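Numbering-wise (the numbering used here), the sequence shown opens with residue 339 and increments by one.
A hint or two may mislead.
[To be verified] 35 Å max Cα-Cα, derived DSBU-like pairs, lysine-lysine: (1) K365 to K416; (2) K425 to K365; (3) K416 to K429; (4) K429 to K418; (5) K418 to K433; (6) K365 to K429; (7) K365 to K433; (8) K416 to K433; (9) K418 to K365; (10) K365 to K422; (11) K422 to K433.
[To be verified] Here are the simulated distance ranges between beta carbons: (12) L376 to Y354: 25 to 31 Å; (13) K433 to L364: 28 to 34 Å; (14) N454 to K433: 31 to 37 Å.
Derived from the structure by calculation, the hints contain no laboratory data. Just so you know, these numbers come straight off a predicted model, no measurement behind them. In this text, a Cβ means the ideal position worked out from N, Cα and C, and glycines have one as well.
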Amino acid sequence: MLCFINGGSVHRAGQYWEQQAEAFLLKQGLSLVARNFLTQLGEIDLIMRDESRLIFVEVRYRRRSRFTSAAGSVTQQKQKRLEKCAKLFRKQHQKWSDLPCRFDVIAYDEDSQVPNAIWLCAVFESTDW
Numbered sequence: 339m340l341c342f343i344n345g346g347s348v349h350r351a352g353q354y355w356e357q358q359a360e361a362f363l364l365k366q367g368l369s370l371v372a373r374n375f376l377t378q379l380g381e382i383d384l385i386m387r388d389e390s391r392l393i394f395v396e397v398r399y400r401r402r403s404r405f406t407s408a409a410g411s412v413t414q415q416k417q418k419r420l421e422k423c424a425k426l427f428r429k430q431h432q433k434w435s436d437l438p439c440r441f442d443v444i445a446y447d448e449d450s451q452v453p454n455a456i457w458l459c460a461v462f463e464s465t466d467w
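Sequences and hints are given; from them, build the entire structure.
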């Protein structure tokens, strides 16, 4: 079990799980486009691509999923922020703007003995393209 406490721990834990998710997705045959795309509106953890589309990935980790699972913690408000960030990414990076895209979640719940990646594809779709 990983335990992250005190100063900077949330950031370090986030980086760790994002690295795990990236390695997992690379093994699944996706290619990395960008990581930690930061805007004033928020951040996209990973931007990947497969043969035909751009994939915006939110990585979620929950130490305890008593109230909600890692996957369940991606609220509608978070989805809206991700959509806006994705739209900005596509605007700033024209070479990707014509590719269809989807939004995936990689979730890790530490309640289990060994937290495995749960890959939820096309968790939500943007209505604002």
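Hint by hint, here is what the structure shows:
1. For the hint pairing K365 with K416, the CA-to-CA distance comes to about 27 Å; that is within 35 Å, so the pair holds.
2. Between K425 and K365 the alpha-carbon distance is near 27 Å, which keeps this suggested pair within the 35 Å criterion.
3. Distance hint between K416 and K429 is fulfilled; the C-alpha atoms sit about 20 Å from each other, no more than 35 Å.
4. With a C-alpha separation of about 17 Å, the suggested pairing of K429 with K418 holds against the 35 Å cut-off.
5. Annotation: proposed proximity of K418 to K433 holds, straight-line Cα distance about 23 Å (limit 35 Å).
6. Pair hint K365 plus K429 holds up; C-alpha atoms about 29 Å apart against a cutoff of 35 Å.
7. Between the alpha carbons of K365 and K433 the distance comes to roughly 25 Å, so the proposed pair stays at or under 35 Å and holds.
8. For a cut-off of 35 Å, the pair hint linking K416 to K433 stands: about 26 Å separates their Cα positions.
9. Taken as a hint, the K418 and K365 pair is honoured in the structure, with Cα atoms around 29 Å apart against an allowance of 35 Å.
10. Between the alpha carbons of K365 and K422 the distance comes to roughly 28 Å, so the proposed pair stays at or under 35 Å and holds.
11. Distance check on the hinted pair: K422 and K433 sit about 18 Å apart at the alpha-carbon level, within 35 Å; holds.
12. The given range of 25 to 31 Å is broken by L376 and Y354, whose C-beta atoms sit roughly 18 Å from each other.
13. For the pair K433 and L364, the beta carbons lie near 21 Å from each other, so the given range of 28 to 34 Å is not met.
14. As the Cβ distance of N454 to K433 is approximately 34 Å, the hint placing it in 31 to 37 Å holds.
The earlier numbered hints that this structure contradicts are 12, 13.
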